[in-house]
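*Asks:* Protein chains in written order, with our numbering: chain X, -1 to 444; chain A, -1 to 444.
Treat the hints with care, since some could be wrong.
Because identical chains share one entry, a pair is satisfied inside a single copy or across any pair of copies.
Cross-link-like lysine-lysine pairs, in silico, DSS-like; alpha carbons within 25 Å at most [unchecked claim]:
1) Lys407 to Lys337
2) Lys30 to Lys174
3) Lys47 to Lys373
4) Lys410 to Lys174
5) Lys273 to Lys337
6) Lys407 to Lys174
7) Lys47 to Lys30
8) Lys337 to Lys30
9) Lys80 to Lys407
No wet-lab data here; the hints were simulated from the structure.
Number of protein chains: 2
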Amino acid sequence: MPESMTQLEIARSGETTSEMESIAQREGIALKTIRAEVAAGRMIIPANKNHLAHGLKPIGIGIAVTCKVNANIGNSETVGDKESELEKLHTAIQYGADTVMDLSTGNRIDEIRTALIAASPVPIGTVPIYQMVEELDGQIEEMQPQQFLDIVERQARQGVDYMTIHCAIRLELLPKALDRLIGIVSRGGSLIAKWMMAHRRENPLYTHFDDLCEIMRQYDVSWSLGDGLRPGCLADACDAAQYGELDVMGELTRRGRARGTQVMVEGPGHVPMHKIEENIRRQQAVCDGAPFYLLGPVVTDFAPGYDHITSGIGAAMAGMYGAAMLCYVTPKEHLGLPKPEDVKQGMIAYKIAAHAADIARERPGARDRDDAISKARLLFDWNRQFELALDPETARAYHDETLPEELFKSQKYCSMCGPKYCAMRISQDIRELCKTSELVELKPKL
Amino acid sequence: MPESMTQLEIARSGETTSEMESIAQREGIALKTIRAEVAAGRMIIPANKNHLAHGLKPIGIGIAVTCKVNANIGNSETVGDKESELEKLHTAIQYGADTVMDLSTGNRIDEIRTALIAASPVPIGTVPIYQMVEELDGQIEEMQPQQFLDIVERQARQGVDYMTIHCAIRLELLPKALDRLIGIVSRGGSLIAKWMMAHRRENPLYTHFDDLCEIMRQYDVSWSLGDGLRPGCLADACDAAQYGELDVMGELTRRGRARGTQVMVEGPGHVPMHKIEENIRRQQAVCDGAPFYLLGPVVTDFAPGYDHITSGIGAAMAGMYGAAMLCYVTPKEHLGLPKPEDVKQGMIAYKIAAHAADIARERPGARDRDDAISKARLLFDWNRQFELALDPETARAYHDETLPEELFKSQKYCSMCGPKYCAMRISQDIRELCKTSELVELKPKL
């Protein structure tokens, strides 16, 4: 294959890549299915050629494969440096992050990013406008479109695998967004909106979409079309601003694909439970099945400090309805920059959401680990339960809090019910009874 | 009204009670609606006459009113005493428990129960068979039906507001349950199953259902028909044992109502997300709209230590589809007896689930607190956000972790994005721009 072809272009030509092969193997899905999904744009393989050359293990993101989880890390102007971000990267990967976004907005962005890419076997995503505004010292309205293209080119060369770019927030949508309860909550979206208001001109990332495609295609950077107008509270969900931007995303999905680039679409945000299915169905229809990458959604605004749970509920449902990737939310959301422990808690909540979604989609083998842990429960094999647990350390610690001695690891009960009340032990006694005694009195009644 | 009439009988007679009035006020619903719902058996008011006389604040449980949350407390043979259980009661109520079940199975059950009832303004539920087996020193097969009736009568006299009794696990269902991956996981269910196996006779709680109704009616104790055959893992969900027992519950719902008692029905347990709606619809149809009280359900078995989250997801969805009450699950589920901090974490997860469900059901006013907190976010009124938060202490602590000084409480950013990247601040700047400058260039395009 010519060096310059993207995964999408190769798939369309009827050929496969070693990345598709490794995804087929990892997902237990036929290679031809992977190829067909990539060719149709329903799956992306975010794999920058420069990251692939340096240890990236490719993954597929799309409705045909397991639901993926992204962890956001990155410093802010007030907190975080290279070491803290590398620690968060390792924590995120340890707990199963499929991709990691570096959202750094503070100092030494290039240094942090190159260190993260070098250290990361998973795809790295960025939001280039953060570096842009950093270089403009906060004066986004001074941005020239060429400056933005240069930043995207620089990050692409560094090996970024996918980029969130807010191309779809068009000028005509702004009044709709400003009528909302809390307006624009996407950082990138608000910066572009400010630029548009200052110049009274169309979004330059929209007008330069084709130029951006050229850069993306060259390195095979995947699009993550940013939803600059995602609702930031339940009151603003599913409004004209959000769905108006989604329509533009549909147009850009088709244009991006036509230019050989891989396209994923971002989604909300804050959505009440009964509107989540509508959001997924609409995106699937409007964006011709492009992988949908959701932030949450948070299903109630009243629990800051627990938004990994409020959004884990929404994320699990989104995954069930067909979201391809879930962007985690940590307990610090709306309150402060997450630390490694917050990254862990966010990851745990989202691995639960993605796994529950895979089960609900009845993916082959999705329930195997659940069934294995259930069998270990039945056998009172506590050590096996801990091994199979999403977070073995915590499961063991909770059990040992009341029954620490090793002998309890083989006991047929835990401190929840104690020995006399363990239903599973009694249930086993009954099975034994059944084996040894006559069941005729039971059976005729069936 | 005659002293001996239940809320159901009074409602059916066309009259109302002061309990119905206070529920109508608390829920913001017309008194006649409350009366009609109680009369139809779609709402119960678990209010033992002896608890009412001692400080109970009555609540309604049913599809017409807000989704309720129950917290389970109680000691086990290995852990817990009266003081620890009173502490858990206070923690549960502090975080919003609508009812509390005392599931004590250890020592001094009567003493703990009477202390809890005296201290509790919320309805108290129990599972009388736990005390039964305690008194039989674990030998449930020695139980005579009259002994069980006596325990129920004793607990009713003490003021218990609702009781979980496993009347619906019939003999003919046992072989179906024993074919499962992990059999019977309900403690009460397994005890009754053992009794039936030992005697080769029908469930005595089924055969003595009418006698039990007599006691329940006398004190107006509400039924919580226990689901002894609820699935204990995803692999066993929605099987013939579970649904067979549900059919018996439908029969008992009608018989209980006919005898003037208020009936609620318990549900699973462990159910994958895509089967939750089916569970709710089926219960509604089979049990003629009797309030459905679910334990979770847990939507994946692979995360012990985080089952407040795995089940919070299922509970929120169950609430959306029409569950009347959600029984919380703490992080210690499957691992050990919860402590007060676990009670808090379980309550938080379930208040989130119930509230998200109320929003999804579009109950009038359900979103008010969410909108108020969103407005406080827009105004950067950090103290107001904390005040409105489900757990103000934690929200404040998370914020203050990186920006502790009081001056940051009025700053237009937090450490997540820092001052330059706060989308809401930028969004406000744009609104200001709109106020002062001409928007004609934007508006014609709309």
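*Asks:* None of the hints should be skipped; say for each whether it holds.
*Replies:* Hints, verified against the model:
1. Lys407 to Lys337: between (33 Å within a copy, 21 Å between copies)
2. Lys30 to Lys174: neither (44 Å within a copy, 42 Å between copies)
3. Lys47 to Lys373: neither (44 Å within a copy, 45 Å between copies)
4. Lys410 to Lys174: between (61 Å within a copy, 23 Å between copies)
5. Lys273 to Lys337: Cα proximity of Lys273 and Lys337: none, with 32 Å in one copy and 36 Å across.
6. Lys407 to Lys174: For Lys407 and Lys174, neither the intra-copy (60 Å) nor the inter-copy (30 Å) Cα distance is at most 25 Å.
7. Lys47 to Lys30: Answer is within; shortest intra-copy Cα gap is 22 Å, inter-copy 69 Å.
8. Lys337 to Lys30: Classified as neither; 41 Å inside a copy, 53 Å across copies.
9. Lys80 to Lys407: neither (42 Å within a copy, 28 Å between copies)
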